[in-house]
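Student: Please assemble the complex out of the two chains, which come individually in their own frames, going by the hints.
Going line by line, the protein sequences match chains A and B.
Going from the first sequence to this note's numbering is simple: count from 1 and add 74.
Going from the second sequence to this note's numbering is simple: count from 1 and add 377.
Take the hints with a grain of salt, since some may be wrong.
As the list claims (entries may be wrong) - Derived lysine-lysine pairs resembling BS3-like cross-links, with alpha carbons at most 27 angstroms apart: (1) K986/B / K560/A; (2) K453/B / K199/A; (3) K208/A / K501/B; (4) K453/B / K208/A; (5) K501/B / K205/A; (6) K602/B / K559/A; (7) K553/A / K986/B; (8) K506/B / K208/A; (9) K131/A / K151/A; (10) K221/A / K453/B; (11) K986/B / K559/A; (12) K205/A / K453/B; (13) K111/A / K986/B; (14) K602/B / K560/A; (15) K130/A / K398/B; (16) K131/A / K398/B; (17) K506/B / K231/A; (18) K529/A / K986/B; (19) K231/A / K986/B; (20) K205/A / K506/B.
What the hints assert, rightly or not - Label pairs and their computed distance ranges (CB to CB): (21) S418/A / L411/B: 55 to 65 angstroms; (22) E649/A / N502/B: 20 to 30 angstroms; (23) K208/A / N502/B: 46 to 56 angstroms; (24) E89/A / P409/B: 33 to 43 angstroms; (25) E89/A / N671/B: 40 to 50 angstroms; (26) P409/B / K151/A: 34 to 44 angstroms; (27) D928/B / G179/A: 32 to 42 angstroms; (28) N502/B / C172/A: 27 to 37 angstroms; (29) E649/A / K506/B: 21 to 31 angstroms; (30) N103/A / E395/B: 34 to 44 angstroms; (31) S599/B / E203/A: 58 to 68 angstroms; (32) N103/A / D928/B: 20 to 30 angstroms; (33) C172/A / L411/B: 28 to 38 angstroms; (34) N103/A / G491/B: 50 to 60 angstroms.
Hints in this document: simulated from the structure, not taken from any laboratory.
Small disclaimer: the values here were computed from a predicted structure and weren't measured.
The C-beta atom is built at its ideal place from N, Cα and C for all residues, glycine as well.
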Amino acid sequence: MVNITIDGKNISVAEGVTILEAAKSAGINIPTLCYWKGLNEVGACRVCVVEVEGLKKLPAACNTPVEEGMVIKTNSKAVREARKANVQLILSEHDCQCPTCVRSGNCSLQKVAENLNIIDIPYEKNIPENKFSKTFPLNRTDSKCIKCMRCIQMCEKQACSIWDLVNTGSRSTVGLARDLSLETSDCALCGQCITHCPVGALTERDDTQKVIDALNDPDKIVIAQIAPSIRTAWGEAFGLSPEEATVERLASALHIMGFDYVFDTNFSADLTIMEEGSEFLERLAHKDESKFPMFTSCCPGWVRFVKSHYPEFTDNLSTAKSPQQMFGAIAKSYYADILKTDPSNIYCVSIMPCLAKKHECAIPAMNDACGDSDVDVVLTTREVDRLIKSEFIDPSSIEDRELDMPLGIGSGAGNIFGATGGVMEAALRSAYFLVTGTNPDPDAFKSVRGTDGWKESSFDINGTTLKVAVANGLGNADKLLRAIKKGEAEYDFVEIMACPGGCVGGGGQPIHDNVEMAPERAPVLYDQDAKSTLRFSHENPSITAVYADYLGKPLSEKSHHLLHTDHHTWKMPNE
Amino acid sequence: MSRLSNDTISMAQETVEELYKDIERSIRSSQPGLCPVDLAASFIHLSHARSCGKCTPCRVGLGRLEDLMNSVLDGKATMRDLDEIERTADSIFRSADCAIGSEAARMAIKAVKGFRDDFEEHIKNGRCKLSGFKSVPCVAKCPAHVDIPGYIALINAGRYDDAVKLIRKDNPFPATCGMICEHPCEEYCRRTMIDDAINIRGLKRYAVEHESEIKAPACAESTGKRIAIIGGGPSGLTAAYYLSIMGHDCTVYEQRDKLGGMLRYGIPSYRLPRELLDKEIEGLKLTGFQTITNISVGTDITMDKLRADYDAVYISIGAHTDNKLGIEGEDAQGVVSAVEMLRGIGDGQMPDFTGLDIVVVGGGNVAMDVARSAVRLGAKTVRIAYRRRKADMTALAEEVEGAVADGCEILELNAPTKIEKTDDGKVAALWVQPQIVGEVKWGRPAPVNADAPEVRLACDKVLVAIGQGIVSGHFADNGIPVNRRKIATNEQGAFEGIEGVFSGGDCVSGPATVIKAIAAGKVAAANIDEYLGFNHEITSGVELPPVRLSDREPMGRVNMTERPASERTKDFNLMEYPMTDQEACQESGRCLQCDHFGCGRMKGGREYKW
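Extracted from the complex, chain B is given alone in its bound form (with noise of 0.2 angstroms):
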């Protein structure tokens, strides 16, 4: 007999750990509106199944949990059993002896505590709460509700034209989000059980770049109404755009030289190419409205006299201001806000930083925009401190990632303190007090000071990256409700008691993402519309290619590739490279259709028009 063995692992154990990865992509990209208690029973199901066995509380109480949850979804429970659904998963929770009894619990308290109403519907009236199903799980990601089965179905059948005008029913900006939306329609992706979301983003880029033209939208007939837009950013062209289609008279307000808002001072370009914002809105603006740019609301014209020269009114001016670190030494003279470095590029004005050591706080996606620009203006380093760690930065993996690979240096858990300044009050160095990872608080880790002294980074720079603000004491003051300087609106965008004002946008959200402002313009639009006394509706015309059959074999996501960092860091141009037509072919036939398969097919799959 030998004494010891190498482990091996067996075809069984093999097999679960595959199907722990199914499960885990599955539970992924679960779609909303889903029975969070018949949700929760199965979780606690499937922790039971991982007990060992030894202690009472796991072995015996995950089951009576589950008993007591399926009692609440049969409609047999009392409001006595959801008591004891609480008081049970306490108890385990408390003496369970090892996580897996102790984890289990922590659910079923957090379902109960999260969701107690639905558990009190099914009891009561012995059915679920739920709403808001919904059947197409891209669509309903989508802020804007775009009909992405639809175009990934026409950029499959090779009609590009039809596939672009399909997405302008919802959303104008089509080129602009092929470029840098954050596709949150990727999220719940049903391709994901099978293998990986679609690469929806980089097929609609596909889409916009095989486009023939954009022509001119039919616009209705001239309402005689005329709507002043505040903000010529995504959100207020977008629902210029959609007001000219249904034939009022828009005029857009912007306070800076150009129209696009964060698109062009907030975006750099090599993200986002200014020829082609350029483009896109040119193609906007065919729908006939007009722009007065370089005027202020509040400084050039009053909000009253809009309201009284325009039968509605839209407020979306965006979040342009920049949060201060609120430290020592902020003063300094090269302490610059990411707001206005990035505002300086979108005028065309790039700073030189040839040679010049630059350290970037925050860590967010804008921080990741400034600390590569500082590398492509010629920064000698570029470091990127941040008080939490890398994994809990709040930018894209990809941005991140795509920093490091550009030369940036991540100094995760590194909480700024002050700013040495020179003789002559420049820069000279940011102070920074390393932290630990500390306990979990909102969902993130927070950091505490660790037991470390101060670093001191010498640098030329600080870029402050750490979130934006709102300028709206004109409008607050105008009597429009506004709350810790966001734009106070209801969920259709308008103000109780306040006719015809409406508003939308990162003023309303606070500082959010390109697609949530497209379609909080959309909602203006329909809105304002519909408070103007009228009901036009927005269609696409397009007519959908036959459905595809498949197998749905597991097949790869297309990834989108970027020129080399070495080359791409020299200038300001666009970074990733395209799709090819065989990736965009092979990619848009991995979609699952949803459209038409599962419930797609019975709620309609579609909305035709809005």
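Bound-form chain A, shown alone (with noise of 0.2 angstroms):
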């Protein structure tokens, strides 16, 4: 332990701790800006400046640890003044436009500067020209970047270090490390350095107003499908817990909206299930023609990074099409025969906690059921809270409203995509009855839940070993395709989530400034599945009937052409 004394308290803390967290243990708060623990402790906006006896000049208080003996003050004249005007100073270098930033109210830069009190800029005002389109999922705008590096060491973590400091010297801006845009990089949109940047600079690709039109256009039967882990994360912005923010109060607020029908990705999760699964089973089956480990599809920002970095592994992806295409796969050609209705006057609309699911609507192949889109547009949760918020609709005082049928149903094992490990242990689940006809414990494969970010498991399924592994965040995808590739590690079965933490942490939930949220989510998915009466995907009445009455069979020639893709009819960037 170390004796200090910080504003007078005399207080003990252990060794190398920094002064920021020893202040916070003695209940004294100092303002901090670019600081994200344990992923950018740089001292770059010096902010968090503080006073050390002996010194005259101010250490950052977040990166600094403490001494024995040490004097500090986080409030002396010199602390103050300087705190003040390095906001003041990246003020200067902000487009203050608060009323039309959809960070405003959620904005770090807009706290710290008014905690402390900064009610004029005595600088010129001097903003960085924008250089970013806005066509691309991921959007950047140059003149309300604050250089806190955060994105920089978040897409590092990421193993894509889009993101890099650019130029030297007063022109030192944050750009992209490689590339000439964002289009042409290998930027695998997991939205991550949205969801840690502290202003308005990183943002997704605004699609509501696309959502409006289609609203208002009485030609179209507009229909949602809403991701397992929007239930976990939309009602946040409206501080409702998940408890009160279910996915049926986002049904009743989207049918206020104007939308004809609500549906659940859990279904299509069930029947990603069952085509991944039955998948599997084949491969394992044929195993001297087929590639191993089998990775999972589902998550697109994932298929976008083992694209452009591991290209040599793109066959070793399933074929099964993400739940979010599966579903507008379906929406557009069962659910179009259901409704007798031409399956282009269906306007699908997914609201995903991701940006790279806007890329994947939008892939040209994406197009099975009848030649348009089988997803028209996806809106991230940030998205989709703003569009209730548009709406005047207070989420607190509406009533649930069930889910539409047929395609509004789905098991606890689809609820868990949501989470790391989830489509690997909903895969499992079907996998033994498949193998078995019977079912399992349906937390008989529980040991891939976690939030680790590379987990293995072995089960044995009638005989048969299975060697799983489960990553989540793409540092631990490239280190676990590092070891693949070079033999240190062999699996039958790998699940990938580019996100932390699954897409309960995905790059288009709600951000909340220095807190990963993923391990406060994903709860709310097991909870959920341990308190459903589904359990199984291939015991969704939903998905049964879709069978019996459609696609005849899991891998059938239907389900082949609607469900399954060719993951080489497109390419990144640099693949």
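Tutor: Here it is, written out as structure tokens:
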């Protein structure tokens, strides 16, 4: 332990902790801006500076460890002035378009300026020019960037390193490390740079107007699918707990907005299990002709990553489409038949925690149902929250509404798709049934749960040992692929989700500064699964029906046409 | 009224003079990887501030030049603006009345010529082409990328064993480098901005001198791969050391009696004591590599045989042959090449120069080495004839000063023309043609013959130190690419289309420094390991002490001191005194810890493994 004095308080803290942490433990809050614990402790903004007795220079509290006998002042004249000046300097290069900024009210710069009682900026404004296009699913607004460096760090952690500190001197900024545009970069579109951005410099492409236009079009039947992880997070913007902000409440809000039908991506997650699980068993039966391990394909961020960074593993990806795309294909074929309508009248909106899904729905080959895009538009959780607000709907005061049928029912297995390990667990539950004809204990495969970056397990199914791995976060995926490539790791089946913790931590989810939300959101999905009466994808009655009435069986010709894809029909820029 | 007054310097001017010194130091320690266009624009701005304002080209033109450069930097310029920069700079250069304007314009012209592609990248793609911004200047500048802030922090914490262990992660010759490294690391040391560079070499020496014992590093499991290393100098031994740690079976083929290469056969022991070199090499051998001495590849064994017998071959034969003066009388008895003389000394054969008059030809470090050795061998007089000025010598300034202090005389601006022989073929004198310093060519003023008669320098021996060559014939005959006797590898130390052969050190670069040779050995070890299908990692396992906080107040640099010339010239014992504990503590405390402060923090600050 180390004895220090902070603002006159004598405290004892563990050796090696930072001044920031030590102060916090004494109930003293030091403002921060660029800091993100464990990710970005670079002391770039110089807002968290403090005074240490005996020193004229003010060290950053976020990355300076305490020393025995240190006497620290967090509110001296020099500290107050330096903090204020630094925030004012940052503001002089920040395009304060707060009323029209998607981060207004959830902006770390706004908050720190307000907290420091900054009511004017003594400097001339020098706003950088915006150089990025707004067409890619990931948007960057140079005029709002405060060069906190978090995106650079996060992108490096995600093994992509698209972003870097470019130029030097007065023109130093965050820019593309290698490429000339985001469109031509290897960006996986995980969106983690957005959820770690303290301001509105990084955002998703706003597609809300497209949805409003569709809702205004009397000829369109506007349907929505809601991804599993949305139900853990969409209410955060309204101060609602997941228990209050249920998927049914969201369905209700969407109906109020004018959606004709609201469905559940959990349904198509179950469908994914049927197809992907069957594909896996098929690969196992023809081991010599198949590539192993088989990789899950439901995360388009991961698919983009593997295609650009490890193209030699592209054929290891399951050919099964993601649940989003399966839903779109079924909606514009099977469901159009049910509605007895021309599928092109259906406008398919997808509510996802994700940016890569925005790219995925626009892949030209994802048009198997009727020739139009199977999914017309993808909204992130944040966009859907903004839509609800703009409709002046108060989610706390509206009634829940059941999802529509038949595509509005999903199993608990489909529900856990939103968390790392969930796809693997759901697949194993049904694979066990498909092999043995009996259901396993639904919790038999729970060892694949949890937020560890790279987990592995072995299971015995009918005398066959399956070696599986689950990774979340592309940095872990990168390590895992490298190990497989070098022959240091060998698996039969691998699930990968690009975002830390899986879709619950997705790049399209609500933003909370300095908090990784996945560990808080994932338990919601597992609770719902545990309470569900339907815990196996193959027992979903709507799944049974869609096979009986339309598809025939998993991997049938029709299934292949609608629910599988060739990952080579499109290329990543540098593939 | 008085007619005249004495000049006094105003407070403002005095401060400006100080600021000049500050900016001079600041510029001197600029790290590599900065945007060259931005720097050029800033230099034009600085020049403009110094314009007296009388003449149009300078007063107005420099401003427009800067505007144009800024528009390039802002991504608003076109390729036509680049032509405009050149045109404007050219007319300022030609029409400015004094040097303030024309020299500023010359910088602009030089900039566009020197990094036109950077200008174009800004114009076409709105960004800087720069790459290789290095956050820690000393590490960036060290060819072997030794973790300098890391080991200095360890020295400051009194953890000398760990400090040396950390150095050995990248450089297995800490004792040698502590004595004789040319310390390029100090060149960009950010501390220069405040006062002066850290004495990095001195601190390294201090750490090594306080190491308890050299322990055998843990070697990886044997890979069964065999590697032949041709040449037991610093590069070859570095490769052997790391490859052995990686678990490969290495054999070093050395043509001389002992290992060490130029460390033994080129550097006199008063700079690098033999017992210290021997101990260092014994330490390296703890990793288990084999050595075969007195075997010459090309004579005793062929390259083909080595390639057949081994999985990989590393050629690190150094540059050990002497360059000739090419003047009349060079065949006289008593004309000795520096290489030959230092090689003899390396093997312990000390020539007796007692009472002789010696002339050394050359201006590099080797010339200083032979001159100072000659003093120690009893020479009556030692003169160093050099065709350029003393200021243009390639030898380190401290070596030149040391030679002078040792009693050598420098005869600058004297180009050798012939060697006069006695009747029995011995050296009688060296004739030199006095020179006058002339135009600057390739960054150095070239000498030309002065209107003066040749001068006779009577002497008993002429020691020739004008560079070394490489004996690469056998390798060329065996298909290894050779360019002007240098072995021509790619940047990875390998050859396109020649499997399993690598090369590095002086035989590739031409005569260079020990740290460059070590760096080449490190590169070769990594790439040979990878070529053999492995990815062994070299780590130190050393945890670093916490960062120290400091106000960075100016504090003088601790320089190394030497035994008095009158004493040190009597023997070949080490002439440099070590740093004291007090000095090492103060000096290590001056380190700015660029691994933590500044960009180092963000970019990781260090490579924990390679």
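Student: Hint by hint, say whether it matches the structure.
Tutor: Structure-based check of each hint:
no., hint, result
1, K986/B / K560/A, "holds, 19 angstroms"
2, K453/B / K199/A, "holds, 19 angstroms"
3, K208/A / K501/B, "holds, 20 angstroms"
4, K453/B / K208/A, "holds, 21 angstroms"
5, K501/B / K205/A, "holds, 13 angstroms"
6, K602/B / K559/A, "holds, 22 angstroms"
7, K553/A / K986/B, "holds, 17 angstroms"
8, K506/B / K208/A, "holds, 24 angstroms"
9, K131/A / K151/A, "holds, 13 angstroms"
10, K221/A / K453/B, "holds, 22 angstroms"
11, K986/B / K559/A, "holds, 21 angstroms"
12, K205/A / K453/B, "holds, 12 angstroms"
13, K111/A / K986/B, "holds, 25 angstroms"
14, K602/B / K560/A, "holds, 19 angstroms"
15, K130/A / K398/B, "holds, 24 angstroms"
16, K131/A / K398/B, "holds, 23 angstroms"
17, K506/B / K231/A, "holds, 24 angstroms"
18, K529/A / K986/B, "holds, 25 angstroms"
19, K231/A / K986/B, "holds, 18 angstroms"
20, K205/A / K506/B, "holds, 17 angstroms"
21, S418/A / L411/B: 55 to 65 angstroms, "holds, 57 angstroms"
22, E649/A / N502/B: 20 to 30 angstroms, "holds, 22 angstroms"
23, K208/A / N502/B: 46 to 56 angstroms, "violated, 19 angstroms"
24, E89/A / P409/B: 33 to 43 angstroms, "holds, 37 angstroms"
25, E89/A / N671/B: 40 to 50 angstroms, "violated, 56 angstroms"
26, P409/B / K151/A: 34 to 44 angstroms, "holds, 39 angstroms"
27, D928/B / G179/A: 32 to 42 angstroms, "holds, 41 angstroms"
28, N502/B / C172/A: 27 to 37 angstroms, "holds, 32 angstroms"
29, E649/A / K506/B: 21 to 31 angstroms, "holds, 25 angstroms"
30, N103/A / E395/B: 34 to 44 angstroms, "holds, 42 angstroms"
31, S599/B / E203/A: 58 to 68 angstroms, "holds, 60 angstroms"
32, N103/A / D928/B: 20 to 30 angstroms, "holds, 27 angstroms"
33, C172/A / L411/B: 28 to 38 angstroms, "holds, 35 angstroms"
34, N103/A / G491/B: 50 to 60 angstroms, "holds, 51 angstroms"
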